[in-house]
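Student: These protein sequences, in sequence, are chains A and B.
When we follow this note's numbering, the leftmost residue of the first sequence carries the number 760, and every step to the right adds one.
When we follow this note's numbering, the leftmost residue of the second sequence carries the number 760, and every step to the right adds one.
Calculated directly from the structure, the hints in this document are not laboratory data.
Do not take every clue at face value.
Just so you know, same-sequence chains aren't split out, so a pair can sit in one copy or run between any two.
What the hints assert, rightly or not - With a straight-line Cα cutoff of 20 Å, these simulated SDA-like cross-link-like pairs (lysine to any residue) come out:
| # | residue 1 | residue 2 |
| --- | --- | --- |
| 1 | LYS792 | ALA881 |
| 2 | LYS806 | PHE906 |
| 3 | LYS964 | LEU904 |
| 4 | LYS761 | SER816 |
| 5 | LYS964 | ASP937 |
| 6 | LYS960 | GLU926 |
| 7 | LYS960 | ASP937 |
| 8 | LYS761 | ALA801 |
| 9 | LYS960 | SER925 |
| 10 | LYS960 | GLY940 |
| 11 | LYS770 | GLU797 |
| 12 | LYS795 | ALA842 |
| 13 | LYS960 | ARG934 |
| 14 | LYS960 | VAL971 |
| 15 | LYS960 | GLU919 |
| 16 | LYS960 | ASP918 |
| 17 | LYS960 | GLU929 |
| 18 | LYS960 | ASP917 |
| 19 | LYS806 | GLY769 |
| 20 | LYS960 | GLU922 |
There are 2 protein chains.
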Amino acid sequence: MKIAVLGGTGKFGGGLATRLAEAGHEVVVGSRKAEKAEEVAADYTEKLDGAEVKGASNAEAVESTDVAVLAVPPDYAAETARAVLDGYDGVVVTPVVSMSRVEGDFVYTPPDAGSSAEEIRAALDDGTPLAGAFHNLAAGKLADLSFEIDADVAVFGDDEAKETASELAEDVGARPLDVGGFGVAPQVESLTPLLINVGTKNGIKDAGVRFV
Amino acid sequence: MKIAVLGGTGKFGGGLATRLAEAGHEVVVGSRKAEKAEEVAADYTEKLDGAEVKGASNAEAVESTDVAVLAVPPDYAAETARAVLDGYDGVVVTPVVSMSRVEGDFVYTPPDAGSSAEEIRAALDDGTPLAGAFHNLAAGKLADLSFEIDADVAVFGDDEAKETASELAEDVGARPLDVGGFGVAPQVESLTPLLINVGTKNGIKDAGVRFV
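Only chain A is shown next, with the shape it has when bound in the complex:
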């Protein structure tokens, strides 16, 4: 598939982009500045054995792609969706989580829409298939290509988009699990701060989750 990873210059987006390229997908990382995207894309390509990652401005990155992954910070996610994905005819995937730190713990602080997924959904055109996925994979593990991802990814949202997101999750070495529609978005998104707390308080580096 041809995949745009918007916000692909960050650690999480970069890890996802390189792993998807490694799995044989045609990947373009997007950034607000084309130059920065091209720079990091060259770095990613160097890490890969033969595969290539391209870089472009967010708007150019999504052109003629099948999937756009919104790997952008929560405060910019809906804005980016509105600006870049107006008229988009591919599938959109959100790994976005909004959290903050309260008394030493990471806590889930969703936007007014109830979840980042719902906020993004409202920003997209009606009918654009959207799925949530990849929230439960730590950036550190994704970015280290020598690390075998052996964790689960909870996938929710529109059926068509869930299928696509599940394929991509398998491609990075994770086990995708369908967990429902958009009503479950807060539960999936809030796993991320929980995983960070689990990790930091119990010495589990880049904690992931397995459902057993």
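Given chain A's structure and the hints, the job is docking chain B onto it.
Tutor: Below, chain B alone, put in the same frame as chain A:
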């Protein structure tokens, strides 16, 4: 330890009570009706090899215990805490989760306090140590003593209570993981509906969680 499992006549409370008795604790299951508690306690005792579970009214069950586990339905949890744990000088543990079903999916529907734990905390005397634990263990697995619990239990709340709850989690065969203070309560409680969705949609019976 001497432990009261309030609401111990349900599947979850019953499973927890029998496993704690099996581990060597002195366990009393409480119910609103003493007679019902005595009846099920006799059933639990029959399932155990030598150990005994006692039954009593909730008010009598907590007398001179070290720990009270509030294994009651979410709508009655705060009410039970107020009615039964006024002046209690042991540690209180809440596994309470408030959820409902929306379009086929289980979703987390916390009370106005933000979480069941915070609602219960407000109902207890100031200074009564409270921890959240056991939310992530399925009743079906707990109740089947032949099943080896090999899952994690996220523990949050007051430090003293977290220590006690963690010991009890180990005693039932789980791995306790400290995940923070009361601010993380919604994240831990919302794991339960997520686990149910994971289980029903992916054929994982009585799904539990492992942080990896």
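Student: Each hint should be assessed against the structure and marked as holding or not.
Tutor: Against the structure, the hints come out as follows:
no.: 1; hint: LYS792 / ALA881; in the structure: neither (25 Å within a copy, 50 Å between copies)
no.: 2; hint: LYS806 / PHE906; in the structure: within (14 Å within a copy, 45 Å between copies)
no.: 3; hint: LYS964 / LEU904; in the structure: within (16 Å within a copy, 33 Å between copies)
no.: 4; hint: LYS761 / SER816; in the structure: within (16 Å within a copy, 64 Å between copies)
no.: 5; hint: LYS964 / ASP937; in the structure: between (26 Å within a copy, 15 Å between copies)
no.: 6; hint: LYS960 / GLU926; in the structure: between (33 Å within a copy, 17 Å between copies)
no.: 7; hint: LYS960 / ASP937; in the structure: between (29 Å within a copy, 6 Å between copies)
no.: 8; hint: LYS761 / ALA801; in the structure: within (18 Å within a copy, 63 Å between copies)
no.: 9; hint: LYS960 / SER925; in the structure: between (30 Å within a copy, 14 Å between copies)
no.: 10; hint: LYS960 / GLY940; in the structure: between (31 Å within a copy, 12 Å between copies)
no.: 11; hint: LYS770 / GLU797; in the structure: within (15 Å within a copy, 58 Å between copies)
no.: 12; hint: LYS795 / ALA842; in the structure: within (19 Å within a copy, 62 Å between copies)
no.: 13; hint: LYS960 / ARG934; in the structure: between (25 Å within a copy, 14 Å between copies)
no.: 14; hint: LYS960 / VAL971; in the structure: between (22 Å within a copy, 13 Å between copies)
no.: 15; hint: LYS960 / GLU919; in the structure: between (38 Å within a copy, 16 Å between copies)
no.: 16; hint: LYS960 / ASP918; in the structure: between (36 Å within a copy, 13 Å between copies)
no.: 17; hint: LYS960 / GLU929; in the structure: between (29 Å within a copy, 17 Å between copies)
no.: 18; hint: LYS960 / ASP917; in the structure: between (35 Å within a copy, 15 Å between copies)
no.: 19; hint: LYS806 / GLY769; in the structure: within (15 Å within a copy, 55 Å between copies)
no.: 20; hint: LYS960 / GLU922; in the structure: between (35 Å within a copy, 14 Å between copies)
In the structure shown, a violation is registered for the earlier hint numbered 1 alone.
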